[in-house]
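One letter stands for each residue in the lines below.
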Amino acid sequence: MATIQIKAEVSGSVWKIITQVGETVEPGSTLMILESMKMEIPVIAEDGGKVEKFTVAETEAVNEGQIVAVLSK
Amino acid sequence: MTAKVSGDANEKAAVQAVLPPKDWGPEVEELRRRRTYAKALGGEEAVARHRERGRLTIRERVAGLVDHGSFQEVGTLTGHGKYDGPNVTGVQPAPYVMGLASIDGRPVAVGGEDFTIRGGASWSGDRKKGGQGGFVEDLAASYRIPLVNLIDGAGGSVTSINKRGHAVFPGVHGFERSVELLGKVPVVCAVLGTAAGGPAGRAILSHWSVMVDGISQVFAAGPPVVERSLGQKLTKEELGGPQVAVDLAGTIDNRVDTEQACFAQVKRFLSYMPQNVWEMPPEVACTDPVDRCDEELLSIVPRDRRRPYNMRKLIEHVVDRGSVFEIQPTYGKGLITVLARMNGKVVGIIANNPMVYGGAMDVKAARKQIHFVELCDCFHIPLVFLVDVPGFMVGRDAEAAATLREGMRAVYVGLQATVPMYTVVIRKCYGMAGMGTTDKNGLDLKIAWPSAEWGSLPIEGGVAAAFRRDIAGAADPKAREREIEDELRSMASPFRTAEAFGVEEIIDPRETRPYLCRFIDAAQARLRTTLGPKAKYGVRP
Numbered sequence: 000m001a002t003i004q005i006k007a008e009v010s011g012s013v014w015k016i017i018t019q020v021g022e023t024v025e026p027g028s029t030l031m032i033l034e035s036m037k038m039e040i041p042v043i044a045e046d047g048g049k050v051e052k053f054t055v056a057e058t059e060a061v062n063e064g065q066i067v068a069v070l071s072k
Numbered sequence: 000m001t002a003k004v005s006g007d008a009n010e011k012a013a014v015q016a017v018l019p020p021k022d023w024g025p026e027v028e029e030l031r032r033r034r035t036y037a038k039a040l041g042g043e044e045a046v047a048r049h050r051e052r053g054r055l056t057i058r059e060r061v062a063g064l065v066d067h068g069s070f071q072e073v074g075t076l077t078g079h080g081k082y083d084g085p086n087v088t089g090v091q092p093a094p095y096v097m098g099l100a101s102i103d104g105r106p107v108a109v110g111g112e113d114f115t116i117r118g119g120a121s122w123s124g125d126r127k128k129g130g131q132g133g134f135v136e137d138l139a140a141s142y143r144i145p146l147v148n149l150i151d152g153a154g155g156s157v158t159s160i161n162k163r164g165h166a167v168f169p170g171v172h173g174f175e176r177s178v179e180l181l182g183k184v185p186v187v188c189a190v191l192g193t194a195a196g197g198p199a200g201r202a203i204l205s206h207w208s209v210m211v212d213g214i215s216q217v218f219a220a221g222p223p224v225v226e227r228s229l230g231q232k233l234t235k236e237e238l239g240g241p242q243v244a245v246d247l248a249g250t251i252d253n254r255v256d257t258e259q260a261c262f263a264q265v266k267r268f269l270s271y272m273p274q275n276v277w278e279m280p281p282e283v284a285c286t287d288p289v290d291r292c293d294e295e296l297l298s299i300v301p302r303d304r305r306r307p308y309n310m311r312k313l314i315e316h317v318v319d320r321g322s323v324f325e326i327q328p329t330y331g332k333g334l335i336t337v338l339a340r341m342n343g344k345v346v347g348i349i350a351n352n353p354m355v356y357g358g359a360m361d362v363k364a365a366r367k368q369i370h371f372v373e374l375c376d377c378f379h380i381p382l383v384f385l386v387d388v389p390g391f392m393v394g395r396d397a398e399a400a401a402t403l404r405e406g407m408r409a410v411y412v413g414l415q416a417t418v419p420m421y422t423v424v425i426r427k428c429y430g431m432a433g434m435g436t437t438d439k440n441g442l443d444l445k446i447a448w449p450s451a452e453w454g455s456l457p458i459e460g461g462v463a464a465a466f467r468r469d470i471a472g473a474a475d476p477k478a479r480e481r482e483i484e485d486e487l488r489s490m491a492s493p494f495r496t497a498e499a500f501g502v503e504e505i506i507d508p509r510e511t512r513p514y515l516c517r518f519i520d521a522a523q524a525r526l527r528t529t530l531g532p533k534a535k536y537g538v539r540p
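Residue numbers (numbering that gives the first Met the number 0), protein chains in the order written: chain H, 0 to 72; chain A, 0 to 540.
Heads up, a few of these hints could be off.
As the list claims (entries may be wrong) - If we take Cβ atoms under 10 Å as the criterion, some of the chain A residues that face chain H in the derived model are:
#1 Gly200
#2 Arg306
#3 Gly333
#4 Met354
#5 Gly357
#6 Ala359
#7 Pro389
#8 Val393
#9 Asp396
Said to hold, decoys possible - Calculated pairs, SDA-like style, for lysine to any residue (alpha carbon to alpha carbon, straight line, at most 20 Å):
#10 Lys6/H / Pro328/A
#11 Lys332/A / Ile43/H
#12 Lys37/H / Lys477/A
#13 Lys37/H / Glu452/A
#14 Lys37/H / Lys81/A
#15 Lys37/H / Pro328/A
#16 Lys37/H / Arg481/A
#17 Lys15/H / Arg306/A
#18 Lys6/H / Lys332/A
#19 Lys37/H / Arg302/A
#20 Lys312/A / Thr29/H
#21 Lys37/H / Ala463/A
#22 Lys37/H / Ser455/A
#23 Lys6/H / Thr329/A
#24 Lys6/H / Gln242/A
#25 Lys37/H / Asp303/A
#26 Lys266/A / Glu282/A
#27 Lys439/A / Thr496/A
#28 Lys535/A / Asp520/A
#29 Lys37/H / Arg306/A
#30 Lys6/H / Val243/A
#31 Lys37/H / Ala397/A
#32 Lys37/H / Lys266/A
#33 Lys6/H / Leu247/A
#34 Lys332/A / Ser71/H
#35 Lys81/A / Ala39/A
#36 Lys332/A / Thr54/H
#37 Lys38/A / Pro19/A
#38 Lys15/H / Pro301/A
#39 Lys332/A / Ile66/H
#40 Lys37/H / Pro457/A
None of these hints come from the bench; they were simulated from the model.
Every residue gets a Cβ at the ideal spot worked out from N, C-alpha and C, and that includes glycine.
Full structure from sequences and hints, please.
This is how it looks when you write it as structure tokens:
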């Protein structure tokens, strides 16, 4: 079982987490939405997989490159 | 001496032995043997060690890259010969293999270090073979054909002081040739090992560069030097693997996961390039209908201004199907630079990526745009800007990184370029960064989607500064600010600018492909009649 680390592409804050831990997501699915530069930036799981955990919570600040979720496949 | 004819067999043989050979057979036999020495590279053991590290030999690399059987080696016999009296018993080949070959039927100069011989370190013959300058670069310059460098050399070594009895002044003759080539023929550098010093520097002097995950690292100096200088203990990979050199620094443009994928990408890159700056980029027959108007384009930009969209998908809908080749996909991700085709003709696409800081131009995006604009300008490739830029990146970090200076460099380089450019405003087009997407030296054709908005700065934020007194004096300042914003926004419709001919056309997003194809086709005569090298004057800020 491979784990996939999902990283934030931008700095900003977590606006909404729209998937659940344990959920299996398709490739290209949006896991959460960040707010950055007045824009809603989706965090996308390119490969898809099962959501193992989120490493951030809503309203929390995130840095570019920070791991925000872990998926397994 | 005349030989007596006799029936005695022994006597006959003795006579034949003293006669000179009738042809050059013995020398050709020696040539064959010497060629065998060259093919053996650094010997079985060294080659086996090299392969164990998951790396191809230089000869396998050349064979993997070029058209089958097209490699015509030059300097096959170079090296250090070992002799037994007058007879050669072996030659340690020079650690550089190069020659003339073809890729997709077009001639190229190709060369690379042989790591199996002294780690591909430099070799001192009467004439340099390649690496930095040398025959292979002379060949590219003289015949005006592309150059492919397959870099796998460690560069200089302090041991050369021992050999020569003096320290070598830094830099060799040949680097000036490497610089000259950048204005004349396409230069591709593939880093296929650990490159430090000279070979690392050589890799940067290219139009496009690529490295392979796992086997390639590139840095000014490797771990031992870094530990000695700074006390930092780092692995080769941490210091100059693709995650640093490609993703973070943009020192090298693209990364791939195998050497085969690397050769495929080199071929792909060259397929968009002319042989030299005196020729047109290669046109191919286009099977994708020019009048394809994808329905998806009508809804790709969300009406909600806070929501971004997938710019890469947008590009795919506009250009010839399957023609996209992205340069630096993992660096400066706020900007997308793509070589593609429209109606079979090569174009360079520069698109802002709203997913990354709303498409704002930061230092990395600016640097990426500068190189790409110069690349396309040099090889007469028209540029299409798909614009969604709110301006330069703002904030303390951005200022400390000199975003303004690097951003203005991007603007400067854009205003120096003379290749036709097309401005297509998808959404935001603001400020200096917005200006940098226009063809001020040429036709300055700017078309826009109905979702477009522009100005010297966005209305939000701009209002607070420009109407400070008005807002402060109001009974409800917040409400007054919103009121002014709404008032101004109602006048910001792109249709009003089109009435004033401040933008040349507003188009249905679905019409983008046919519209651009039409104008790119029409610009071909202009391109054909302005070929050649481009002199650049002035001082980049």
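Here is how each hint holds up against the structure:
Checking Gly200/A against chain H by beta carbon gives a least distance of about 28 Å; that is not within 10 Å, so the hint is violated. A distance limit of 10 Å between C-beta atoms decides the matter here; for Arg306/A the minimum to chain H is near 5 Å, and the interface restraint holds. A cut of 10 Å between beta carbons decides the hint on Gly333/A: the least distance to chain H is about 9 Å, and the hint holds. For Met354/A, the interface hint holds, since its Cβ comes within 10 Å of a Cβ in chain H; the closest pair sits about 6 Å apart.
For the restraint placing Gly357/A at the interface with chain H, the shortest Cβ-Cβ distance is roughly 4 Å, inside the 10 Å limit, so the hint holds. Because the smallest distance between the Cβ of Ala359/A and any Cβ of chain H comes to about 6 Å, under 10 Å, the interface hint for this residue holds. Interface hint status for Pro389/A: upheld, as the beta-carbon distance to the closest one in chain H is roughly 7 Å, under 10 Å. At its closest, the beta carbon of Val393/A sits 9 Å from a beta carbon of chain H; the interface hint therefore holds under the 10 Å criterion.
With 10 Å as the threshold, the beta carbon of Asp396/A comes within range of chain H, its nearest partner Cβ sitting at about 9 Å, so the hint holds. Proximity of Lys6/H to Pro328/A is assessed by CA-CA distance (about 16 Å); at most 20 Å being required, the pair is judged to hold. As the CA atoms of Lys332/A and Ile43/H are separated by approximately 15 Å, the hinted pair is consistent with the 20 Å bound. For the given pair, Lys37/H sits about 18 Å from Lys477/A by alpha-carbon distance, which is consistent with the 20 Å threshold.
Of the supplied pair hints, the one linking Lys37/H and Glu452/A holds, its CA atoms being roughly 16 Å apart against a limit of 20 Å. In summary, the hint linking Lys37/H to Lys81/A is not supported, as the alpha carbons are separated by about 72 Å, beyond the 20 Å threshold. For the suggested pair Lys37/H and Pro328/A, the alpha carbons sit about 24 Å apart, so the restraint of at most 20 Å is broken. For the suggested pair Lys37/H and Arg481/A, the alpha carbons sit about 16 Å apart, so the restraint of at most 20 Å is met.
With a C-alpha separation of about 13 Å, the suggested pairing of Lys15/H with Arg306/A holds against the 20 Å cut-off. Between Lys6/H and Lys332/A the alpha-carbon distance is near 14 Å, which keeps this suggested pair within the 20 Å criterion. A hinted pair counts as satisfied when its Cα atoms are at most 20 Å apart, and Lys37/H with Arg302/A qualifies at roughly 15 Å. Restraint check: the Cα-Cα separation between Lys312/A and Thr29/H comes to about 16 Å, which is no more than 20 Å; the hinted pair holds.
Taken as a hint, the Lys37/H and Ala463/A pair is honoured in the structure, with Cα atoms around 16 Å apart against an allowance of 20 Å. Taking the CA atoms of Lys37/H and Ser455/A, the gap is near 18 Å; set against the 20 Å cutoff, the hint holds. The suggested pairing of Lys6/H with Thr329/A holds, with an alpha-carbon distance near 13 Å, which does not exceed 20 Å. Our distance criterion of 20 Å between C-alpha atoms is met by Lys6/H and Gln242/A, whose separation comes to about 14 Å.
A C-alpha spacing of about 12 Å is found between Lys37/H and Asp303/A, which places the hinted pair at or below 20 Å, so the restraint holds. With a C-alpha separation of about 15 Å, the suggested pair Lys266/A and Glu282/A falls inside the 20 Å cut-off, and the hint holds. A hinted pair counts as satisfied when its Cα atoms are at most 20 Å apart, and Lys439/A with Thr496/A qualifies at roughly 18 Å. At roughly 27 Å between alpha-carbon atoms, Lys535/A and Asp520/A are farther apart than 20 Å, so this suggested pair is violated.
Pair hint Lys37/H plus Arg306/A holds up; C-alpha atoms about 9 Å apart against a cutoff of 20 Å. Between Lys6/H and Val243/A, the direct Cα distance comes to roughly 16 Å. Compliance with the 20 Å bound is thereby established for this hinted pair. Between the alpha carbons of Lys37/H and Ala397/A the distance comes to roughly 17 Å, so the proposed pair stays at or under 20 Å and holds. Proposed proximity of Lys37/H and Lys266/A is contradicted: the alpha carbons are some 41 Å apart, above 20 Å.
Between Lys6/H and Leu247/A the alpha-carbon distance is near 14 Å, which keeps this suggested pair within the 20 Å criterion. Of the supplied pair hints, the one linking Lys332/A and Ser71/H is violated, its CA atoms being roughly 26 Å apart against a limit of 20 Å. With a C-alpha separation of about 15 Å, the suggested pair Lys81/A and Ala39/A falls inside the 20 Å cut-off, and the hint holds. Between Lys332/A and Thr54/H, the direct Cα distance comes to roughly 23 Å. Violation of the 20 Å bound is thereby established for this hinted pair.
With a CA separation close to 31 Å, the supplied pair Lys38/A and Pro19/A exceeds the 20 Å bound. For the hint pairing Lys15/H with Pro301/A, the CA-to-CA distance comes to about 18 Å; that is within 20 Å, so the pair holds. Straight-line distance between C-alpha atoms of Lys332/A and Ile66/H comes to about 17 Å, which keeps the hinted pair within the 20 Å bound. The straight-line distance between the Cα atoms of Lys37/H and Pro457/A is roughly 12 Å, inside the 20 Å bound, and the hint therefore holds.
This entry does not satisfy hints 1, 14, 15, 28, 32, 34, 36, 37, going by the numbered hints stated previously.
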